[in-house]
Structure formats: C-alpha cells, structure tokens
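Participant: The primary structure of each chain is shown beneath.
2 protein chains.
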Amino acid sequence: MELFDALKIGEALRVLKENLVGIKPKGEEVMLRDAYGRVLSEDIYSPEDIPPFNRSTVDGYAVISRDTFGACESLPAMLKVVGEIKMGERPLFSLKAGEAARISTGGMMPENSDAVVMLEYTQPLEDGTLLVERPVAPGENVILKGEDVRKGGLVLKKGHTLRPQDLAALAGMGFQKVKVAVLPKVSVISTGDEIKPPGEEIKEGEIRDMNSFSIAGLVLKWGGIPEIFGVVRDDFNEIRRSVSEALKISDLVVISGGSSVGTRDLTVRVLDSLGSPGVLVHGIAVKPGKPTIIAVVDGKPVIGLPGHPVSAMVIFEQVVRPILSWFLGRPEDYGGLKVKAKIARNISSAAGREDFIRVKLEQRDGELWAVPVLGKSGLISTMVESHGLARIAPEKLGVKEGEYVDVELY
Amino acid sequence: MELFDALKIGEALRVLKENLVGIKPKGEEVMLRDAYGRVLSEDIYSPEDIPPFNRSTVDGYAVISRDTFGACESLPAMLKVVGEIKMGERPLFSLKAGEAARISTGGMMPENSDAVVMLEYTQPLEDGTLLVERPVAPGENVILKGEDVRKGGLVLKKGHTLRPQDLAALAGMGFQKVKVAVLPKVSVISTGDEIKPPGEEIKEGEIRDMNSFSIAGLVLKWGGIPEIFGVVRDDFNEIRRSVSEALKISDLVVISGGSSVGTRDLTVRVLDSLGSPGVLVHGIAVKPGKPTIIAVVDGKPVIGLPGHPVSAMVIFEQVVRPILSWFLGRPEDYGGLKVKAKIARNISSAAGREDFIRVKLEQRDGELWAVPVLGKSGLISTMVESHGLARIAPEKLGVKEGEYVDVELY
Numbered sequence: 001m002e003l004f005d006a007l008k009i010g011e012a013l014r015v016l017k018e019n020l021v022g023i024k025p026k027g028e029e030v031m032l033r034d035a036y037g038r039v040l041s042e043d044i045y046s047p048e049d050i051p052p053f054n055r056s057t058v059d060g061y062a063v064i065s066r067d068t069f070g071a072c073e074s075l076p077a078m079l080k081v082v083g084e085i086k087m088g089e090r091p092l093f094s095l096k097a098g099e100a101a102r103i104s105t106g107g108m109m110p111e112n113s114d115a116v117v118m119l120e121y122t123q124p125l126e127d128g129t130l131l132v133e134r135p136v137a138p139g140e141n142v143i144l145k146g147e148d149v150r151k152g153g154l155v156l157k158k159g160h161t162l163r164p165q166d167l168a169a170l171a172g173m174g175f176q177k178v179k180v181a182v183l184p185k186v187s188v189i190s191t192g193d194e195i196k197p198p199g200e201e202i203k204e205g206e207i208r209d210m211n212s213f214s215i216a217g218l219v220l221k222w223g224g225i226p227e228i229f230g231v232v233r234d235d236f237n238e239i240r241r242s243v244s245e246a247l248k249i250s251d252l253v254v255i256s257g258g259s260s261v262g263t264r265d266l267t268v269r270v271l272d273s274l275g276s277p278g279v280l281v282h283g284i285a286v287k288p289g290k291p292t293i294i295a296v297v298d299g300k301p302v303i304g305l306p307g308h309p310v311s312a313m314v315i316f317e318q319v320v321r322p323i324l325s326w327f328l329g330r331p332e333d334y335g336g337l338k339v340k341a342k343i344a345r346n347i348s349s350a351a352g353r354e355d356f357i358r359v360k361l362e363q364r365d366g367e368l369w370a371v372p373v374l375g376k377s378g379l380i381s382t383m384v385e386s387h388g389l390a391r392i393a394p395e396k397l398g399v400k401e402g403e404y405v406d407v408e409l410y
Numbered sequence: 001m002e003l004f005d006a007l008k009i010g011e012a013l014r015v016l017k018e019n020l021v022g023i024k025p026k027g028e029e030v031m032l033r034d035a036y037g038r039v040l041s042e043d044i045y046s047p048e049d050i051p052p053f054n055r056s057t058v059d060g061y062a063v064i065s066r067d068t069f070g071a072c073e074s075l076p077a078m079l080k081v082v083g084e085i086k087m088g089e090r091p092l093f094s095l096k097a098g099e100a101a102r103i104s105t106g107g108m109m110p111e112n113s114d115a116v117v118m119l120e121y122t123q124p125l126e127d128g129t130l131l132v133e134r135p136v137a138p139g140e141n142v143i144l145k146g147e148d149v150r151k152g153g154l155v156l157k158k159g160h161t162l163r164p165q166d167l168a169a170l171a172g173m174g175f176q177k178v179k180v181a182v183l184p185k186v187s188v189i190s191t192g193d194e195i196k197p198p199g200e201e202i203k204e205g206e207i208r209d210m211n212s213f214s215i216a217g218l219v220l221k222w223g224g225i226p227e228i229f230g231v232v233r234d235d236f237n238e239i240r241r242s243v244s245e246a247l248k249i250s251d252l253v254v255i256s257g258g259s260s261v262g263t264r265d266l267t268v269r270v271l272d273s274l275g276s277p278g279v280l281v282h283g284i285a286v287k288p289g290k291p292t293i294i295a296v297v298d299g300k301p302v303i304g305l306p307g308h309p310v311s312a313m314v315i316f317e318q319v320v321r322p323i324l325s326w327f328l329g330r331p332e333d334y335g336g337l338k339v340k341a342k343i344a345r346n347i348s349s350a351a352g353r354e355d356f357i358r359v360k361l362e363q364r365d366g367e368l369w370a371v372p373v374l375g376k377s378g379l380i381s382t383m384v385e386s387h388g389l390a391r392i393a394p395e396k397l398g399v400k401e402g403e404y405v406d407v408e409l410y
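Heads up: the sequence lines are chains W and B, in that order. Just so we're aligned: 299 in UniProt numbering is position 299 of the first sequence, and the numbers increase by one with no gaps anywhere. Just so we're aligned: 160 in UniProt numbering is position 160 of the second sequence, and the numbers increase by one with no gaps anywhere.
All copies of an identical chain are treated as equivalent in the list; a pair is satisfied when it fits inside any one copy or across any two copies.
Restricting the straight-line Cα-Cα distance to at most 27 Å, the calculated cross-link-like pairs of lysine-lysine (DSSO-like) are: (1) K196 / K151; (2) K203 / K145; (3) K179 / K221; (4) K145 / K376; (5) K177 / K203; (6) K340 / K221; (7) K287 / K342; (8) K196 / K86; (9) K179 / K196; (10) K376 / K157; (11) K203 / K96; (12) K400 / K340; (13) K177 / K196; (14) K290 / K86; (15) K300 / K24; (16) K360 / K158; (17) K157 / K360; (18) K221 / K157.
Don't read these hints as lab results, they were simulated from the structure.
If we strip away everything but chain W, and leave its shape as in the complex, we get:
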C-alpha cells in the first residue's frame, strides 16, 4: 500500500465533514468568572445602554457648555454652584443657565448639563461662585448614555473566543452567565511496540512516548480536554480495545504512531472493523505528515497522526485543530497568529503538495526573515528551536530566498 489517495488537507477535511452528521457545538452556561478563553455559542446583544446615563469622566463641575464659551484665565466665566452630585445617585436637581454642580469621575450628569470642566481649570469662591478659566465643548469629559454600548446592539458574535475585555463588556451589560460551547473531549492514544511511557525503564531499541504529551498540550491549547490513554502495543486487539474505550468517553480520538507501513495498515484495519464508514482518507498531500488517517467511527472522528513527532504536531494543527473548531463553533481557520516574512533560503517543494517548514524568525534591518530550521521530522528539537511554521502552497514548486511566506506562530 505505497500509493495513497493524496487528497489535499482542505479536501480531506471536507470528506470528513460530509461524513459527520450532527457535529455542532453543544452549549452550556458558565459563570462569567469561568468564561475566559471559552467560545461563545450565542450572539450577544446588549440588553441595555452602557453607560445607562450620561457620566462624567473627570473630577470637576458639570456645566452647560455654552456658559463657558470664551472663558479664559484673564476673563473667567462666572457660574453659580448649585450642588454636589453624589456617586451612585441620581442628582435631584437640573442645571439652569449660569449654574454648575460639583461632580466626580463616574458621577451622573444632572439634567440640562452637557459638559464637565476639570477641577484644575476652576476656582470656587467662598460665596458659591465658580470661576471657569477655560471653555468646554458640548460633550467634553462626558460619556453619553449608550456611547460605550448601545441597547440592542450586537456586541459579540457566536463563535468568538472570549478575551478579558469581552468579559468586562459582558459584565457591563449585566450578564452573570454566558452560553459557551462545551469543550470537546479528546482521547490521545500512542501506538508502537518500541514506544514506552516516560518513567518506565527503556531497553535498547525502545524510545519514550513523546507524542502523547505534545498532542495533549495541543488539545489544551486549542480548546479541548485531553485524556491521555498512554501507549498501546502494535496489536490488532489491543488497539481495537483502546479505540473502542476512547470512543465511549470522548468526542474525538487521536492516535499517533504507526509510521511504518505495517502499523499504519493495522490502524486502518482496526478502524474499518469498528464500524461504518471507517477509514475515509489514508494519506494526504502534505509534508511532513503524508501518512495521515482520517476515519469516522460511531459518528465520531478518529484521526491517525504520523508517528514522527514533528509530523504529528503539524498534522494536529492542520487537521485536528479545525475539527476542534467545528466542535466549538469558532471559525475553521482559527489558529495562531500569521505573519509575513522573507524566507532565508531556497526551499523546494513538490507540486500538489502543501509543505510546512519549521522556521525561526529574525529581524534584519527592520525586516522579518524566516530562517528554516533544518532537520528530520523525527527531531522534536527542531520544534523546540523554531518559532512557527512557514507554509508553501500546493501550487508552488518551492520558494526562493527573499520570497515572502506566511508563517503561523506557535
């Protein structure tokens, strides 16, 4: 089985999507204080105006702005102080022409007032007269009712990942809870007779399981809950038992390992034996990561990642992360920040294949360069040393030194 149906990543994901019915975000209500980083599963319209009243942004005197027009130090406007506004209370008076009221930052503007003169530009006299040494424009030092958020306005969209400022806006609108997508559970299985969990003694010929940990980390990073199953031997029944168990408790199963033809075929046989449709895609047109398996069992996606640690991470980002996004209802291309940088050496690629090159970013004379970190895809150190992945599109035969590439940062 050396020839794969080499679908491009996007095509492979479409095939998967067509075979998944009913993969859609489940919503749950969480307290606002627990909502950081979660994905909204409803559009948020503001039930009220923020602020709910005209509000001073400084300490000073609420005035009718036209009373201050032309005021200067040598010829201050003279106003009459008629009261002081208490924080958190509605002023019981309204201003008339020639009047002013003491107000603090955040205080509610009295009726008819339309601006605040800052304290430092005023001089209160003992008889209750206020000298105003600068004019204020209408609206100056005031946040108008609804100026921050308008009642009924769409503030945050379904599928948006909540940042600290979004939580503040939600709190401001009076939300105590918010409806977010349930975090998908992802089972992580490693296979391979030569793979041992860290902590176990290894003998010659054996190496330690790395993929379980990078994959569990990626699941956390991109909004899922990982369940590490550990290492399973290259045995039909053992793999089958683990995958069946994993399917029971999770929304998505990720198996890594099986980079040799024999173990890849074993995984394919297991997945086909567990139910229809089974394996949909075996091999995609990407480097590194060609021996990727995409299957659906019991209506749930099962992804077989290549065993090489770099390939496993690249395919996670390109295949598993979009699936997590489906579960969470966020944009499919949600991911790390993309920057443009000039590639620092020629890299060749095959037509029809998408290539991902590990790069370090360097500033040279104010320009951003992407310096390829060379090394085999079995070397995790190349991921540790690099800052992101540069992409060479399938239609390209490579990139020339100095050409711009898109780099997605870790």
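Given chain W's structure and the hints, the job is docking chain B onto it.
Facilitator: Same frame as chain W, but now just chain B:
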C-alpha cells in the same frame, strides 16, 4: 493632591522591586500532563541521548551505504538479506559488507549499518537476494543516537513557558514530572459607591462592575490564579478590611476603581495605614493610566489601577503583568506578540509620557497598518473592537501618519 510624581513605568517598577525582598519564584513539581503553559523553574539538561540509538526513519533495508554506491535501476546493487529487525528490540546481528536487513520506521539500526534504502527502491528476490536500485549516502534515512537531543545538553531554560513541543521533548528525555513556578494568587478588588456587581439591580447613577472581570481574565491569561473579591464601597474601613483579607490569601492584590481624586486618596490612606512602606508611587507618566498606585504592604505588592476600564487593562499589562513575571521567574517583558505596523493617522503625545493607543490592524497592499480606535478610556467597546496597543515612547511628541509603531497584540 493634583500633582503626581510622574515616574515612567520602568522607573516605577524598579522602585517597587527595590522594596520587595524575597519575591522569587517558588517551585513545585507537577506531572508532565499538567505542565502545559507553566513556567520552568529549573534548567533542563538531558539525562540521556535522544534517540538512545541509531534509528531508521523509513521502512526499508538497513545497509552499509558504500555497498550501494553507483546502484541504479539497470544495474542494481545485489545484497544478501540476513535478517529482519523487530521493533523495540536490539538486533542480535551486525552487518557485514554486502549484507542488508529489513527494518521498519523507528527500528534500531544493526551494528555496522549506516543508512536505510527505502522499500520502494528495492526488490527482494526469493533466494534472499536484495536488488537495490538507488544509492544511499552515509546517514541517509537514519536519525543518529543523540541527534535530536545530546546527553548533558541544555534543552530548556529556567523561566521558559512550556509549549506542547517542550512537553514532548521532556517526555522524550524521560521526565515524568517537572519543576515549575507556583502560580501566584492575585486578589481582585473593585471599589466605588456607584459600582454594582453584575446580577444586582442597578438604579440611576449606578453602573456595573466591569474591571473585576477583565482583570481576572488578564490574571488567568498571564499565569496567575485570580480571586474576585467583588465590589467594595468607598469607605476607609471597608476597603481596609478587604485589602487585609486579600493580603492574607494572596501574593498580589489588585484594586481597581477610585478614578476620582477623593477615592484615590482613600486607597492611598488605606494602604499607608496597613504597614510600611505603604504607597511608593502615586501616578505614573502614561496615558491612559496616570492615576496608578503602587504600594508594598506586608512585603506584598498592592497595585491600584485606574477605574476607567481601558486604563485598568493598559496598566495591568504594563505594571501587573511584569510583577506576575517576577513571581513566575520568566522574562520581565514576557507578553503578547509585538508586530511593527504603520500608524494610520497623526497622534500627538506629551514628552516624557508613554502613550498606548488602541489599534485595529489592517493589511493594505501587503503592508500592515495600525488604525487607531478612537474613544475615551471609559469605553470598553474600544478594547473589544481593537486588536492591540500601539506604543508611543516617552521621548516622542507623537507619531505621524505612515510612521512605524510597535503594536502588542492582545
């Protein structure tokens, strides 16, 4: 108290640091599966070579490379297959000139072999002869012992924040646990007579507490554990009681609110009453965020953030985040990704003051532009709509349209 000692942010942080003795990361051991996003509190040297033996990266035949030199389809090299290498086991034979052994991806290379010919370039005959149709170079398709990580080499440095690939490398080196910095506990207090928690009815003149939620979100984002204390009235005794309580259970206390002179002074009096040295800095040269308070009580930092939601977030990033970094032992300037972009309009600034401008990023003709999102610092919507903060350095009087600025992304 209208005149502040307007220290620059860096100066204010230095004053704080001088008054904090013994603020250093506490370490704790965590399981590798719980270590994602944590900050290493020890340098990691590899206790062993990764891989611990020469390893094939493909399916094929282990050979002595010089036996294949000059081989081609029309004149293949003829080798003798002397065995098959089992996964996870040490081969019990070594290769002699003219010999080959079947090997799978990840298999241990037999002694004397130095390259692997891929399966697709070989033809095994029934009599045990192998035709090799392409030459391999020494080391081809092999990861050498220690090629990924060299025994004794420094792989990860103290202060590094663990990414998925770092977890994989740690697992590969045999670490089951790793020593990371204890997450600092941060108490979050909001003050203001006009502030009500979300969920409570508000009457005219009152608004809802937003800062508790943005600040708790920022604490989570930057590696702390937030404890939301809620809203405290502008009352000396009530604030004092809350701050005392908070100091007992946390490493760092963040109070927001009190943008009016009266409440700022109240916070200062409370902090000075709680112990020496009390308030160290009152007012910094930054916009927005001037009315910032920096204090040390009981050997712990207490930061008073301005009440305006934007100012509170800006000062958190500039002042509180570096303090969290001290606790975590990571670089003080650890933060969001910084990009260079051209500012889309003239912005003026005062000399000696650092300005932070909310900006949206836009690609125009392949160039990155930072478009200022205008609006008062009381408007949380400006933070929701923007992508990051552009910085104008204290020595500048502003920036001109088209000038490059540094933008730190949220």
